[in-house]
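Novice: Sequence:
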Amino acid sequence: MHADTDHPAPLHRRSRWRTAEGAALTWREWISFPVACWQWVLLKTLGHRVERPWIPPSATRALAAHLPPDSHVLEIGSGFSTLWLSRRCARLLSIEADQGWFEHLRGTLAARGLTHVDLQFRWVGTEMSDFSQIPDHSLDLCVVDGGPRCACAQAAVPKLKPGGWLYLDNSDTNPDAKAFLRQLAAEGKCTLTAYRGFPPACLYVSEGLVAVFPS
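Read in order, the letters of the sequence shown are residues 5 to 219 in the numbering used here.
There could be a bad hint or two in this list.
[What the hints assert, rightly or not] Calculated pairs, SDA-like style, for lysine to any residue (alpha carbon to alpha carbon, straight line, at most 20 angstroms): (1) Lys165 to Ala69; (2) Lys163 to Thr177; (3) Lys165 to Pro139; (4) Lys193 to Thr177; (5) Lys48 to Arg20; (6) Lys163 to Phe135; (7) Lys163 to Leu118; (8) Lys163 to Arg20; (9) Lys163 to Cys206; (10) Lys163 to Thr130.
[Claimed, not checked] Just the calculated beta-carbon pair ranges, DEER-fashion: (11) Ala115 to Arg186: 26 to 32 angstroms; (12) Gly117 to Lys193: 37 to 43 angstroms; (13) Lys193 to Phe84: 28 to 34 angstroms; (14) Asp134 to Arg92: 22 to 28 angstroms; (15) Lys165 to Arg186: 20 to 26 angstroms.
Since the hints were derived computationally from the structure, they do not count as laboratory data. Just so it is clear, CB atoms sit at the ideal spot from N, CA and C, and this is done for glycine as well.
Please model the complete structure; the sequences and the hints are all you need to start from.
Specialist: Okay, structure coming up:
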């Protein structure tokens, strides 16, 4: 198994206006920039954080359109996406490696009565990519936004239902995980769509990759 790269390249070594791999945005993808700027101002001045996935907005729209209300979702790397997903699915298993954020999010989920969310604290890479407790072909969506991303993507694929989706965030800075999904696509096992833009309150370009598996 190849080592995975989980953190975006430092911004001083890349252009904030392109992906880490140098891909430029289309004019439609630039539409997210003014919104991200305003969200950044609110964050810096008022501490306001948007309760949306901090991923390219076009990816958020695609996920929202895909998820049926009775969907079962796995998320590796918890965040505001956890709260957003909890409003759109029947069951959510979310795995987080940062204990401080885990405790904060656990309190928020309890205060809101979101009992259909199973939030788990795992910080060891092999534990974060161990989905043996999840039945095969049971998930509508897997979001890979943390942990050893290539290992997580590999372990998640058998858990997806026919027609299931896998979303790999920061695909431009995780070459091994991206290469794994591209190989599946080359073998005809899924189709890939890249989503690029400015995540909420982020003044740099990010990329996410959606793999759709055949029904």
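Novice: Each hint should be assessed against the structure and marked as holding or not.
Specialist: Right, here's what the structure says about each hint:
1. With a C-alpha separation of about 17 angstroms, the suggested pair Lys165 and Ala69 falls inside the 20 angstroms cut-off, and the hint holds.
2. The suggested pairing of Lys163 with Thr177 is violated, with an alpha-carbon distance near 24 angstroms, which exceeds 20 angstroms.
3. With a CA separation close to 10 angstroms, the supplied pair Lys165 and Pro139 stays within the 20 angstroms bound.
4. A hinted pair counts as satisfied when its Cα atoms are at most 20 angstroms apart, and Lys193 with Thr177 does not qualify at roughly 23 angstroms.
5. Our distance criterion of 20 angstroms between C-alpha atoms is met by Lys48 and Arg20, whose separation comes to about 19 angstroms.
6. Restraint check for Lys163 and Phe135: satisfied, since their Cα atoms lie roughly 8 angstroms apart, inside the 20 angstroms limit.
7. The hinted pair formed by Lys163 and Leu118 fails the criterion: a straight-line CA distance of about 23 angstroms is larger than 20 angstroms.
8. Among the hinted pairs, Lys163 with Arg20 is inconsistent with the structure: their alpha-carbon atoms are about 35 angstroms apart, more than 20 angstroms.
9. For the proposed pair Lys163 and Cys206, the alpha carbon gap of about 32 angstroms is over 20 angstroms, so the pair is violated.
10. For the given pair, Lys163 sits about 17 angstroms from Thr130 by alpha-carbon distance, which is consistent with the 20 angstroms threshold.
11. For Ala115 paired with Arg186, a C-beta distance near 41 angstroms fails the hint of 26 to 32 angstroms.
12. Hint check: Gly117 to Lys193, Cβ distance near 39 angstroms, so the stated range 37 to 43 angstroms holds.
13. The supplied range of 28 to 34 angstroms is met by Lys193 and Phe84, whose beta-carbon atoms lie about 31 angstroms from each other.
14. Look at Asp134 against Arg92: about 25 angstroms separates their beta carbons, and that is inside 22 to 28 angstroms.
15. For Lys165 paired with Arg186, a C-beta distance near 22 angstroms keeps the hint of 20 to 26 angstroms intact.
Against the hints set out earlier in the document, violations occur for numbers 2, 4, 7, 8, 9, 11.
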